[in-house]
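Number of protein chains: 2
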Amino acid sequence: MPNPTAAMLVIGDEILSGRTRDANMHHLAQELTKHGVDLQEVRIVSDDKTAIINAVRALSAAYDEVFSSGGIGPTHDDITADSMAEAFGQSIDVRDDARALLEASFTRRKVEITEARMRMARIPAKAKLIDNPVSTAPGFTIENVHVMAGVPQVFEAMVASVLPTITGGQPLLSQTYRIQRGEGEIAEPLGQLAKDYPDLSIGSYPYQRDGLYGTNIVIRGTDGAMIDAAMTRLAERFPK
Amino acid sequence: MPNPTAAMLVIGDEILSGRTRDANMHHLAQELTKHGVDLQEVRIVSDDKTAIINAVRALSAAYDEVFSSGGIGPTHDDITADSMAEAFGQSIDVRDDARALLEASFTRRKVEITEARMRMARIPAKAKLIDNPVSTAPGFTIENVHVMAGVPQVFEAMVASVLPTITGGQPLLSQTYRIQRGEGEIAEPLGQLAKDYPDLSIGSYPYQRDGLYGTNIVIRGTDGAMIDAAMTRLAERFPK
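Read top to bottom, the protein sequences are chains L and B.
Following my numbering from start to finish, the first sequence increments by one per residue and tops out at 242.
Following my numbering from start to finish, the second sequence increments by one per residue and tops out at 242.
Each hint should be verified, as a subset may be incorrect.
Chain copies aren't distinguished; within one or between two, either way the pair holds.
To be verified - Okay, derived cross-link-like pairs now, DSSO-like style, lysine-lysine, Cα gap no bigger than 30 angstroms in a straight line:
hint : residue 1 : residue 2
1    : K242      : K112
2    : K36       : K51
3    : K197      : K51
4    : K242      : K128
5    : K112      : K36
6    : K242      : K197
7    : K130      : K112
8    : K130      : K51
9    : K128      : K51
10   : K36       : K130
The set of hints was computed from the structure by calculation and includes no laboratory data.
Everything numeric in this text was worked out from a predicted model, so none of it was measured.
From just these sequences and the hints, can you work out the full model?
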């Protein structure tokens, strides 16, 4: 059976404007690979309701699982929860289960309960809460979309909460071999290797360092012995 | 007149598998912001012809300019040029102008001219070449899509070649104010500020450091004096 497929939706004006670098994508990609889920697409859209709705509907229809990050805080620019509810035709309001979590946390931390803070308990009617052990305010799963916070510590904790609920496939294994030659010199034998191992994915990633050209060859697949065999042939053809 | 809009298409299995972090997106986002071009969406897809064709057609139709990175080298997994030609119904072959550039460079560097290396001269029939001062092999512009290399040094050089050919708008200015409080405490006055300045984009980015919650407020717009005025009101409301 092929591995389940996934996409990520990053909601973030601050990434599109170049103010910050996204960190969550790299974390999710690594976790999914380990879990045997095949991340096939990432989209980054701005904090715009129409953009979020169009993107999440397209990704939800095309992939088994969708993971979103960003826009579920208490401020005016946090429109993700309302957008998700609208995308899937659900009503949204402060929900009792989420309110109870937040009230218990605020009371324990002696933080005033305000209307703004209670916005974080707005959850679509049929969504399932995602546990947030870092800062309490929950994420949620709506249809096949896991809606999570953008703050990296919270995002990572929510990914850890969600992943065990998803049936993964075989972890994707990979080995890397560095060759101190440009891609042009190795393209032909590498293409032959790719033809001889159609079940493996053989990627070629050129780099340039101190004026020298080199290439990292990454061989990926789910069969470790087959990767070993291809890697041995590669090393024989291009000894260190 | 509103600023021109843009999208980026990153072609890269190695990012989706979590092997590498994308660096080109952050660079392009910063350059476009300076140039007055509004980056509204990024998509990352795998090295798959159908995925590339579908994504580039959608982005080309929706935005004024599209910038792609990755997959234009000489190896078997470099399928971007052929995918772009197919997406826009153009033929593709080794083109004389690109061949001349590569042959001159190979001859100068005493590098053998092979069929694999000449794959880098495959350019769609009606595309315009993008200069590559780093490693010669050109990118190209097809319709409104600028197709560039994935190696960061080459990508950045190609962006520098392309940007002067695009008429930008007003540069997007931004100022940041850091508040040592969580978002919940500032959400209400911040929402009021956003209502009072509808022409500015006021974003709120929570962070957590050493167990303390804080928020970066970023005010963006094209009118510097208006940003100053909003920033002054913010600083009065939340003095350091």
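Structure-based check of each hint:
1. K242 with K112: The answer is between: 23 angstroms across copies meets 30 angstroms, while 63 angstroms in one copy does not.
2. K36 with K51: The answer is between: 25 angstroms across copies meets 30 angstroms, while 33 angstroms in one copy does not.
3. K197 with K51: For K197 and K51, the Cα distance is within 30 angstroms only across copies (17 angstroms; inside one copy 45 angstroms).
4. K242 with K128: For K242 and K128, the Cα distance exceeds 30 angstroms both inside one copy (58 angstroms) and across copies (42 angstroms).
5. K112 with K36: neither (40 angstroms within a copy, 44 angstroms between copies)
6. K242 with K197: within (23 angstroms within a copy, 63 angstroms between copies)
7. K130 with K112: Within one copy only: 27 angstroms inside a chain, 63 angstroms across chains, cut-off 30 angstroms.
8. K130 with K51: Cα proximity of K130 and K51: one copy only (22 angstroms, versus 36 angstroms across).
9. K128 with K51: Answer is within; shortest intra-copy Cα gap is 20 angstroms, inter-copy 37 angstroms.
10. K36 with K130: Cα proximity of K36 and K130: one copy only (24 angstroms, versus 42 angstroms across).
Comparing the model with each earlier hint shows violations of hints 4, 5; every other hint is respected.
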